[in-house]
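Throw the hints in and build the complete structure from the sequences for me.
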Amino acid sequence: MKRKVILLVIITLLSSSISGCYDRRPIDNLALVAATGIDQAKDKDKIRLTVQIIKPSVIKGESGSGGTKGQSVWVLSTTGYTVLEAVRKFTEQVGRNLFWAHNMIIVFGEDLARQGVNEYIDFFNRNPELRKRSWILISKGVDAKEILEAKFDLESIPASAIDLLVKSEKDNAKVRAVDLQEFSKLLVTPQVSPTAARIELVAKDDLRKKEKKAKETGAKEPPKRVRANGAAIFKEDRLVTWFGEKEVRGLLWVLGEVKNSIVVISCPDDKDKKISLEVTQANSKITPRFVDGEPVINIKIKEEGNLGDQMCKENLVTLEGIEMLERRQAAVIRNEIRLALKQAQEVNSDIFRFAQVIHRSFPQKWKKIKGDWDEIFPRLQVNVEVDSEIRRIGLVKRANEAK
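Residues 4 to 406, numbered by this note's numbering, are exactly what the sequence shown covers, in order.
Please note that the accuracy of each hint is not assured.
[Said to hold, decoys possible] Think about it this way: if two alpha-carbon atoms lie no more than 30 Å apart in a straight line, the pair counts; the simulated DSS-like pairs of lysine-lysine are:
1. Lys143 <-> Lys249
2. Lys188 <-> Lys305
3. Lys92 <-> Lys227
4. Lys371 <-> Lys238
5. Lys188 <-> Lys238
6. Lys303 <-> Lys277
7. Lys276 <-> Lys249
8. Lys249 <-> Lys305
9. Lys288 <-> Lys173
10. Lys49 <-> Lys238
11. Lys288 <-> Lys345
12. Lys345 <-> Lys370
13. Lys238 <-> Lys262
14. Lys249 <-> Lys274
15. Lys148 <-> Lys170
16. Lys47 <-> Lys148
17. Lys92 <-> Lys173
18. Lys188 <-> Lys49
19. Lys135 <-> Lys47
20. Lys277 <-> Lys345
21. Lys373 <-> Lys316
22. Lys58 <-> Lys135
23. Lys277 <-> Lys170
[As the list claims (entries may be wrong)] The calculated label-pair distances, taken between Cβ atoms and stated as ranges, are:
24. Lys370 <-> Lys188: 17 to 27 Å
25. Glu88 <-> Lys262: 40 to 50 Å
26. Arg129 <-> Asp273: 55 to 65 Å
27. Glu122 <-> Lys92: 16 to 26 Å
28. Phe293 <-> Lys92: 47 to 57 Å
Note that these hints are calculated values from the structure, not bench results. The beta carbon of each residue, even a glycine, is placed where N, CA and C say it ideally should be.
Here you go:
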């Protein structure tokens with residue numbers, strides 16, 4: 004990952020050399036930002052901006068700059084009434100201008116996210132340097148600053164580790180990962196609410212105890228570890244609730260974004276023993292209709308998968324056994340969708356984009372009801388149909404038995 008960062012920097016510098024002298028900025032005058040965090044400051048009228056800056060020694064490839072030999076980044080914070088004001092204050096600390104082209108993540112603290120993020124997103128959308136593929140993350144229970152202070156064993160640049168973590172959990176349908184471009188688009192889409200990935204500290208309560216003990220004894224503070232899962236659910240630009248792993252996968256089923264995941268069910272002969280079903284393909288179809296003047300949503304999920312492994316003593320490699328697995332898998336998927344729907348309707352947040360679906364299919368009828376959507380969505384009737392099909396089951400009939 005360090006080599007990738009260095010390569011990106013070289014490409015950037017070569018591009019600026021080719022384009023001439025206009026607006027050129029030597030690398031020695033820049034501070035490369037890898038991650039950004041925004042929190043509510045102690046002064047409630049201000050925000051605290053935290054940046055993770057890649058050390059120049061890493062860019063130049065000097066030895067001893069990464070891994071266990073030393074930290075590859077600085078984590079610095081300033082405050083301001085606006086993001087831009089806070090950004091300009093960093094020059095006083097580092098003596099360089101912040102360079103945003105390599106920023107990978109933007110983290111909002113929970114307290115700030117509950118107040119609204121729209122006015123702070125504006126800076127990043129106006130910044131021509133910052134790439135719009137930066138992940139939008141919401142930190143649960145901790146400040147964004149603490150997320151940027153987390154340490155990783157396999158990556159010298161923490162922002163790179165978080166970027167890889169989010170991508171991995173996205174591929175496994177454990178997180179609703181949204182970048183700046185998509186998040187900003189959803190913010191301005193009428194009647195639709197955005198979501199973002201949830202990020203948090205691992206074993207936060209235990210970490211706090213260790214930190215307190217370290218301060219009392221003068222020992223080194225324990226490293227902060229993070230995990231990304233679930234989703235932050237918004238109503239307009241305000242955080243209103245959290246989705247866990249079941250609820251977020253329920254949302255992803257509806258949006259058609261489950262591409263690879265594992266569904267775990269119990270063995271028919273022993274509820275304590277489990278079966279893993281590997282999802283290999285899934286798609287979603289959302290069809291609106293009107294019944295007695297009221298909108299109704301029909302969701303159909305078609306999913307295919309394989310029998311990954313199982314602990315059961317019973318022979319499942321039969322027609323009846325396969326049909327049983329398909330029924331149970333479909334029931335799990337329906338339940339996850341129901342959990343997501345229930346929680347979203349409780350906070351009146353149309354994260355499923357039902358409003359857009361109705362608008363496209365029935366534009367004239369939508370004009371009549373769009374003004375009442377906030378009253379309609381919480382009581383909207385949603386029917387869910389799931390068709391699960393197991394394609395491959397292998398040659399092993401029972402656990403610990405080979406054919």
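For each hint, the structure was consulted:
no. : hint                          : in the structure
1   : Lys143 <-> Lys249             : 17 Å, holds
2   : Lys188 <-> Lys305             : 28 Å, holds
3   : Lys92 <-> Lys227              : 27 Å, holds
4   : Lys371 <-> Lys238             : 22 Å, holds
5   : Lys188 <-> Lys238             : 14 Å, holds
6   : Lys303 <-> Lys277             : 27 Å, holds
7   : Lys276 <-> Lys249             : 20 Å, holds
8   : Lys249 <-> Lys305             : 18 Å, holds
9   : Lys288 <-> Lys173             : 21 Å, holds
10  : Lys49 <-> Lys238              : 23 Å, holds
11  : Lys288 <-> Lys345             : 19 Å, holds
12  : Lys345 <-> Lys370             : 26 Å, holds
13  : Lys238 <-> Lys262             : 27 Å, holds
14  : Lys249 <-> Lys274             : 19 Å, holds
15  : Lys148 <-> Lys170             : 21 Å, holds
16  : Lys47 <-> Lys148              : 17 Å, holds
17  : Lys92 <-> Lys173              : 35 Å, violated
18  : Lys188 <-> Lys49              : 26 Å, holds
19  : Lys135 <-> Lys47              : 28 Å, holds
20  : Lys277 <-> Lys345             : 27 Å, holds
21  : Lys373 <-> Lys316             : 55 Å, violated
22  : Lys58 <-> Lys135              : 23 Å, holds
23  : Lys277 <-> Lys170             : 27 Å, holds
24  : Lys370 <-> Lys188: 17 to 27 Å : 22 Å, holds
25  : Glu88 <-> Lys262: 40 to 50 Å  : 42 Å, holds
26  : Arg129 <-> Asp273: 55 to 65 Å : 59 Å, holds
27  : Glu122 <-> Lys92: 16 to 26 Å  : 18 Å, holds
28  : Phe293 <-> Lys92: 47 to 57 Å  : 55 Å, holds
This entry does not satisfy hints 17 and 21, going by the numbered hints stated previously.
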